[in-house]
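**Student:** For reference, the chains in residue letters:
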Amino acid sequence: MTHHVLDMPASEAQVRALRINDTVTLRNTLYGIRDATQIHMFDRGRSTRLDLRGHAVIHTAPNVRKVPPSAEHPAGYAPVCIGTTTSDRMERFSRPLMEREGVRLIIGKGGLRDGSSQAFAELGGAYLAIVGGTAALETTWIERIEDVDLDDLNPESLWRFAIRDFGPLLVAMDSHGGSLYRTVQADTAGKRAQVLASLGVRA
Amino acid sequence: MKVDLQCVEDAAKELYIRALKVLPPDIKDGFTQLRRQESGATAQSLLGTMVRNITVAEATNNLLCQDTGIPIYNITIGRGVQVDGIDLEHAIRRGCTRATQDHPLRSSVVHPLTRKNEHTSCGIGVPVIHWAYCATPDLLEIEMVPKGSGSENGSFLRMAIPAEGVDAIKTFVIDSVLAAGGKTCPPTIVGVGLGGTSDLVVALAKRAATRPLGSVCADPDGATLERQLSAAVNQLGVGPQGLGGDSTAFAVHIELAATHITMNPIAVNMQCHSARRARASFTSHGVRYGF
Chain A
1 MTHHVLDMPA SEAQVRALRI NDTVTLRNTL YGIRDATQIH MFDRGRSTRL DLRGHAVIHT
61 APNVRKVPPS AEHPAGYAPV CIGTTTSDRM ERFSRPLMER EGVRLIIGKG GLRDGSSQAF
121 AELGGAYLAI VGGTAALETT WIERIEDVDL DDLNPESLWR FAIRDFGPLL VAMDSHGGSL
181 YRTVQADTAG KRAQVLASLG VRA
Chain B
204 MKVDLQCVED AAKELYIRAL KVLPPDIKDG FTQLRRQESG ATAQSLLGTM VRNITVAEAT
264 NNLLCQDTGI PIYNITIGRG VQVDGIDLEH AIRRGCTRAT QDHPLRSSVV HPLTRKNEHT
324 SCGIGVPVIH WAYCATPDLL EIEMVPKGSG SENGSFLRMA IPAEGVDAIK TFVIDSVLAA
384 GGKTCPPTIV GVGLGGTSDL VVALAKRAAT RPLGSVCADP DGATLERQLS AAVNQLGVGP
444 QGLGGDSTAF AVHIELAATH ITMNPIAVNM QCHSARRARA SFTSHGVRYG F
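Chains as they are written, first to last, in our numbering: chain A, 1 to 203; chain B, 204 to 494.
Hints may be right or wrong, so weigh each one.
To be verified - Residues from chain B shown here face chain A by an in silico Cβ test under 10 Å; the list is partial:
id	residue
1	Arg221
2	Ile273
3	Asn277
4	Thr279
Stated by the list, open to error - Okay, the calculated bits of chain A under chain B, using three or more residues with CB under 8 Å as the criterion:
id	region
5	62–68
6	81–93
7	99–113
8	120–132
9	166–180
10	183–195
These are calculated hints, taken from the structure and not from any lab test. No experiment lies behind these values; they were computed from the predicted model shown. We put the CB at the ideal spot given by N, CA and C, even for glycine.
Given these sequences and hints, build the entire structure.
**Tutor:** Written as structure tokens, this is what we have:
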């Protein structure tokens, strides 16, 4: 179990060095992306002027305050509370995020499925688990909102955050086929019969 | 007692913001309990981060979770309370809108077909408002629950049949917890509704999921099943965030109603670890806030 500090964007080699149960702290830049953002990008053919190559995206739709644009708030938004949503709904977008946009890391909660695992293995990516429901803490890792695109989808816009020591995050799916979620699911499925028996349920 | 609608509007705003920022003491105690029993190192660390977040939210006066949820207002009206129902509903909508725009909060509410967001946390039929009555004189209570979507998407309904008996209930609860995995932000409160009709059983599950920890099903058979299932789900190994461990749920709560001779309805609704709720009690002495 190694701790990695990544100055984003990261190279394929840096991402392939991550193994499940390692921890990661990110620096510089992080992109926020959500259901509607990806539905519009990949199902409705919209593109973004933001360059995601080598970057990490977090499954989020933040609470923000609209403010006059300034050096502190270049996009005209001040962060209020920035957290993480359940990743599973966005499973089918992992591959196009990597293939079309060049994304290397996906941050979320609850995990992704085998399709994403395969994309991580083929293209060099990983899934970093953040603790869902801990947005107050996460917000302290955000410096400012640097840019925003596709803002007609607000709050599900494409956000660019400047970050300070964002983490530690847990490598929960890596580029070598490892997935903590798959391991736990196999384990829990194995316990099902025993738990039902303990409840007196007839097999 | 005559209800001042401006006070209700102010409370509807205040309750939404309070609920999003401060967890009730029973949930904080629930974390203490889980941490005492948790044997997994990763799980302990995840629970520790959740508890740290509660402290950071209070210290920075910030929201616990980014998900402002679907706003639910549960209204209980005592004896002798004078209020116009539709005016009360409008006051709550105004308060909910003001919370969203003044704080500001992310409006998480969209039209189901156009997906248009009015940025008010309101829409057709939302906020959800439930009405109940109690025998206490001169009391109006408003409970506010911002129901997060991660846990709300972990909702399950099964219209089982009588021949499947209680085994169907136990199996459905266990399978629902397994199907939810880490998606519902465990440790959760697993709310189980039993009996009634298809609509009532789902409402009962929601009521069960949002009941305070430590509360017990009023029906003795329901209470027994609650205890059994609470112990059983934490043997599954789902753990915090679905990453393994003993702390899959704070508790399983059951609410039940009588049902038809041919029916055996079961519903499961989950509440995430950010089990937020806030309450305002209006009496002749004014308004008091709590949980």
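**Student:** Is the shortest C-beta separation between B/Thr279 and chain A less than 10 Å?
**Tutor:** This hint is violated: B/Thr279 lies away from chain A, its Cβ roughly 28 Å from the closest one there, beyond 10 Å.
**Student:** Would the hint on B/Ile273 stand, with a C-beta cut-off of 10 Å toward chain A?
**Tutor:** This hint is violated: B/Ile273 lies away from chain A, its Cβ roughly 14 Å from the closest one there, beyond 10 Å.
**Student:** Could you check if B/Asn277 really has its C-beta closer than 10 Å to a C-beta on chain A?
**Tutor:** Interface hint status for B/Asn277: violated (22 Å vs cutoff 10 Å).
**Student:** Counting residues of the region 166–180 of chain A with a beta carbon closer than 8 Å to any beta carbon of chain B, are there 3 or more?
**Tutor:** holds (count 3)
**Student:** Count the residues of the region 99–113 of chain A whose CB lies closer than 8 Å to any CB of chain B, then report whether that count reaches three.
**Tutor:** Held - the region 99–113 of chain A has 3 residues with a Cβ nearer than 8 Å to chain B, which meets the minimum of three.
**Student:** Take the region 81–93 of chain A, compare each residue's beta carbon with every beta carbon of chain B, and decide whether three or more fall closer than 8 Å.
**Tutor:** holds (count 8)
**Student:** If you take the shortest Cβ to Cβ gap from B/Arg221 to chain A, is it below 10 Å?
**Tutor:** violated (14 Å)
**Student:** Go check the region 62–68 of chain A versus chain B for me, would you? Three or more residues, Cβ under 8 Å, otherwise it fails.
**Tutor:** holds (count 5)
**Student:** If you count the residues of the region 120–132 of chain A with a beta-carbon closer than 8 Å to a beta-carbon of chain B, do you get 3 or more?
**Tutor:** holds (count 3)
**Student:** In terms of beta carbon proximity below 8 Å, does the region 183–195 of chain A have 3 or more residues touching chain B?
**Tutor:** holds (count 10)
Violated hints for the displayed structure, listed by number in ascending order: 1, 2, 3, 4.
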